[in-house]
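Asks: Now for the letters of each chain:
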Amino acid sequence: MTESLSKQSPVRAVIVRAGREPLVHFLLIGALLFVGVLVGRSLQRPVVRIDAQELGQLAGYWSTQMQRDPTNEELQGIIHERVDEEVLAREALRLGLDKDDMIVRRRLAQKMTFASEDTANLPEPDEAVLKAFFEKTKADYQAPPRVTFRHQFFNSDRGKDQALARAKLALGKVASPQGESLGEPFLLPLSYSDASLIDINKDYGQDFASALIRVPLNQWSGPIASAYGYHLIKVDSRISAKTPTLDEVRPDVLAAYQEQARKARNATFLADLRKKYRIEINGIPQTILK
Amino acid sequence: MVVVLAAFPGSTAGSGSAVTGSVAAKPAVVAKKDTASAHLPGYNTERNAYFGDLHVHTKLSFDAYIFNVRASPDDAYRFAKGDTIGHSSGFNIRLSGGPLDFVAVTDHSEYIGALQEAADKNSPLNRLPIVEGLFSTDPVKIGAAFTRVVEAMGTNSLPKEFGDKKIASKAWKEIQDAAERNNDPGHFTTFVGYEFTSAPDGRNLHRNVIFKSAKVPELPYSAVQSQDPENLWHQMDSWRKAGIEVLAIPHNMNGSDGLMFEQTRRDGRAMDKAYSDLRMRNEPIAEITQIKGTSETHPSLSPNDEWANFEIMESYIGRAKAITKFSGGYVRDALKSGILMQDTKGFNPFKFGFIGSSDTHNAAPGSVEDRNYFSKVGRTDGKPEQRGSIPAEGRKTWDIPTADPNGNLGRFQSWGASGIAGVWAEENSRDAIYSAMRRKETFATSGPRMRVRFFAAYDYPQNILKRSDLATVAYRSGVPMGGDLMPSKGKAPQFILWAMRDPNSGYLQRAQIVKGWVENGVAKEAVFDVACSDHLAIDPATGRCPDNGAKVDLSNCEPTKFKGDAEMKTLWRDPTFKPNQRAFYYARVLENPSCRWSTWDAIRNGTPPNPKLLPTIQERVWSSPIWYAPSL
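Residue numbers (our numbering), protein chains in the order written: chain W, 12 to 301; chain U, 54 to 685.
Source of the hints: derived by calculation from the structure; they are not laboratory data. Keep in mind it's a predicted model, so treat the numbers as computed, not measured. Even for Gly, the Cβ is constructed at its ideal location relative to N, Cα and C. Incorrect hints may have been included.
[Stated by the list, open to error] Listed below are the simulated BS3-like cross-link pairs for lysine-lysine, each with C-alpha atoms no more than 27 Å apart in a straight line:
| hint | chain 1 | residue 1 | chain 2 | residue 2 |
| --- | --- | --- | --- | --- |
| 1 | W | 213 | U | 223 |
| 2 | U | 519 | W | 110 |
| 3 | W | 110 | U | 219 |
| 4 | W | 122 | U | 134 |
| 5 | U | 174 | W | 149 |
| 6 | U | 219 | W | 122 |
| 7 | W | 110 | U | 604 |
| 8 | W | 245 | U | 223 |
| 9 | W | 274 | U | 519 |
| 10 | U | 378 | W | 179 |
| 11 | W | 171 | U | 604 |
| 12 | U | 616 | W | 122 |
| 13 | W | 184 | U | 519 |
[What the hints assert, rightly or not] According to the in silico footprint, chain W covers these stretches of chain U (three or more CB under 8 Å from chain W):
| hint | region |
| --- | --- |
| 14 | 159 to 173 |
| 15 | 599 to 609 |
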């Protein structure tokens with residue numbers, strides 16, 4: 012053993028001797044463990060992944076704003092910015108910076124509101140329910156009277172009596188086949204198809220509008236005074252003010268029903284949520300579930 | 054638009070080539086309209102007059118919010134449809150003239166929605182130093198807050214949190230949603246829009262940006278990005294390329310101190326054809342009258358126009374600094390510069406049509422009724438005393454002058470109840486009304502909803518005014534307002550001017566044609582009376598209608614009975630026409646005199662009208678011009 016030692020170089024001898032030392036074994040194992048943990052940790056480091064879809068989206072935003080595509084360098088910039096944002100955000104979460112932050116809380120609440128609405132499918136009410144709802148809200152769908160009519164105009168700027176006389180004369184003649192163009196040109200339309208009486212009232216005044224409801228159908232009547240002069244009118248058809256049937260306004264009623272149901276659901280959802288919590292304001296327990 | 058041209062081949066000259074190019078990108082709409090069944094109720098090939106307001110602010114505008122306005126875009130649309138809403142001074146407001154036909158909410162895009170956010174105690178914006186004292190209900194403090202924010206905007210020193218995109222997006226979405234909800238084709242049309250609020254050194258270059266459809270950019274392009282309107286137009290061009298059709302309407306040129314129609318580009322470079330095309334492609338019409346004054350012309354620019362002194366505002370926008378340069382700030386003057394430039398340089402950057410709108414900051418579209426006036430900046434001018442129409446502190450006379458330390462009273466006094474948008478469109482829809490604006494078939498009124506038709510041709514039939522197909526023939530053989538006459542073959546052009554009163558307003562007194570032309574290298578103007586009311590004939594010596602004797606009883610605002618006409622209609626041939634002189638013509642029709650809003654305020658208060666203010670005005674309507682070009 013001594014002999015063999017003497018044959019070896021002194022350095023080697025030290026290593027060999029050290030290799031037999033328990034302390035060295037201990038240190039080596041420790042170092043290996045340490046490296047192993049380091050490698051393991053590095054493999055476990057949280058990953059920031061930006062996939063192709065998000066990258067395309069980011070570049071898209073950029074292009075919309077700048078009205079051109081980003082260069083390679085600018086794309087690197089966009090990526091950098093996104094990565095920085097991500098790591099900062101995660102670090103902030105790790106440190107609990109999201110706690111007691113108004114904006115974060117609001118955004119979360121907003122997202123939750125959206126999420127709770129999206130998951131709830133809108134109800135498809137059965138016929139009886141929809142009908143009952145319509146009966147209750149009928150007044151919302153009432154349509155004004157509608158008229159289809161023609162009229163002739165007699166300007167009274169050059170004398171009311173003359174205009175009235177011309178209009179009366181014309182009324183006597185309109186029964187004849189060629190008698191229908193005795194009136195004067197008029198800046199507003201001379202014929203209306205299915206016009207709302209509200210619109211007519213606005214443009215011609217109350218007297219004229221109510222005459223359209225009063226006069227007999229399919230014959231020339233008048234003269235009727237308006238804000239402009241005198242008119243002969245011939246009403247072809249009238250639809251009186253009416254509340255439509257459910258079938259006529261079904262999509263609107265359904266939308267209104269669902270809107271109302273959606274609101275009710277949101278309210279219930281919130282009320283239920285509140286029940287899951289005990290609420291204390293200023294140290295005093297509240298019962299605000301109503 | 055393409056449909057319209059097909060229906061009226063004679064009117065093709067009515068649209069500049071720059072315009073045609075930009076609209077050609079919508080074949081789908083044309084195909085839809087070709088089927089008769091697609092027409093809405095009230096569809097009329099001869100077109101109907103529709104009345105609206107394309108300049109409306111709500112609480113989402115930074116200034117309106119400071120003025121205590123809390124009404125939303127939805128409230129604005131409700132008001133336009135005839136509903137009652139609340140005013141920030143604590144009373145209810147409602148249109149007395151009935152619902153409007155179309156409206157665009159156009160909030161300031163700069164820091165849109167941010168003041169509402171900042172007022173929220175829970176918002177981090179609320180803790181910024183500038184917010185201190187910003188949301189007072191005291192009119193004096195409101196004024197100070199407004200000035201502070203405007204100054205901060207001017208120096209770009211508003212905290213960057215105010216420009217948070219999330220806040221802007223939320224407001225922009227609210228605007229789009231309200232427009233979508235309230236758009237009701239055939240009855241009520243809404244447009245998505247916003248105001249580009251540029252004012253270099255306080256000189257007003259504001260314009261309203263109006264989108265044709267629900268297809269709009271992610272966010273508005275605002276004056277924070279650039280104060281130079283040319284950059285806005287480039288942005289609009291890019292939007293258009295991306296399928297977003299849009300136009301801009303400049304306003305308050307009267308507050309620009311000559312800047313709106315300056316004869317160079319904003320950056321000082323010379324104008325050229327490309328600039329002119331860019332401008333006209335994006336700004337076919339201009340808002341010539343609104344509450345902050347009328348920008349048709351100024352008495353100093355039109356000394357021979359006895360009616361030039363209508364609701365003139367001679368100060369900067371938002372502060373009491375006096376305007377010193379009127380040329381470049383009024384549209385008649387600009388139209389004249391434009392035709393002169395066309396002659397000397399070969400392009401015309403000022404070839405625009407006319408429209409009016411209110412600029413209400415009370416979310417109250419169409420609130421330009423003299424007898425039902427509450428001005429437009431919320432809690433700062435909602436009461437008569439605040440706008441100088443009644444004596445201060447409950448006094449009964451004007452013996453003691455009212456203090457006006459910051460000049461607000463002076464400005465509010467000079468504002469007018471004026472500004473309604475008129476269009477001639479086939480039906481009440483976004484497509485039809487937008488197309489009317491594109492081809493400049495638009496008109497402006499000082500508030501009443503009077504209608505005016507204006508056509509030109511060389512050979513209308515002799516009896517055209519008596520024909521029941523007047524409008525059909527007028528379109529078929531001529532051009533409507535906003536159009537271009539073909540070169541003359543020697544004959545002078547004839548104009549059909551046809552106007553009808555508003556049943557809820559006064560009677561018409563006279564119809565006029567305003568002409569501008571170029572003579573020996575100088576742009577000139579003249580105002581012709583072309584029709585008189587009450588059987589009166591134009592006096593050949595003066596060229597004017599004689600006085601029709603219409604007056605107003607200032608104790609109750611009652612007009613003289615049986616004066617004026619319901620309708621004015623004439624065929625006029627220009628007696629001064631020279632085929633080699635480039636020219637434009639537009640119609641102006643005046644009502645009999647009636648009480649100005651300040652007089653109504655005084656009567657309701659039982660005090661005499663403010664002696665510094667005109668007690669009466671003559672309400673009026675202006676058509677868009679028709680241009681004449683000599684053959685080359």
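Asks: According to a criterion of three or more residues whose C-beta lies within less than 8 Å of a C-beta of chain W, is the region 599 to 609 of chain U covered?
Replies: violated (count 0)
Asks: Quick one, are residue 219(U) and residue 122(W) close enough, alpha carbons at most 27 Å?
Replies: 14 Å, holds
Asks: Count the residues of the region 159 to 173 of chain U whose CB lies closer than 8 Å to any CB of chain W, then report whether that count reaches three.
Replies: Violated: only 0 residues of the region 159 to 173 of chain U have a Cβ under 8 Å from chain W.
Asks: Need the status of pair residue 122(W), residue 134(U): alpha-carbon distance at most 27 Å?
Replies: Judged against 27 Å, a Cα distance of about 34 Å means the pair is violated.
Asks: Taken at face value, is the distance from the CA of residue 122(W) to the CA of residue 616(U) at most 27 Å?
Replies: 65 Å, violated
Asks: Does residue 274(W) pair with residue 519(U) here, judged by a C-alpha cut-off of 27 Å?
Replies: With Cα atoms ~60 Å apart, residue 274(W) and residue 519(U) exceed 27 Å; violated.
Asks: Measure nothing beyond the straight line between the CA atoms of residue 245(W) and residue 223(U); if it is 27 Å or shorter, mark the hint as holding.
Replies: 52 Å, violated
Asks: Would the pair residue 184(W) and residue 519(U) pass a check requiring their Cα atoms to be no farther apart than 27 Å?
Replies: 19 Å, holds
Asks: For a C-alpha distance cap of 27 Å, please report whether residue 171(W) and residue 604(U) respect it.
Replies: OK: residue 171(W) and residue 604(U) at ~21 Å, within 27 Å.
Asks: Mind checking the alpha carbons of residue 110(W) and residue 604(U) for me, to see if they're no more than 27 Å apart?
Replies: Answer violated: residue 110(W) to residue 604(U) is near 72 Å, above 27 Å.
Asks: Keeping to a limit of 27 Å between CA atoms, is the pair of residue 519(U) and residue 110(W) held or broken?
Replies: Violated. Residue 519(U) to residue 110(W) sits at ~80 Å, over the 27 Å cutoff.
Asks: Hint check: residue 213(W) vs residue 223(U), CA-CA at most 27 Å. Holds or violated?
Replies: This hinted pair is violated, its Cα atoms lying about 37 Å apart.
The structure fails hints 1, 2, 4, 5, 7, 8, 9, 10, 12, 14 and 15 (numbered hints given earlier, in ascending order).
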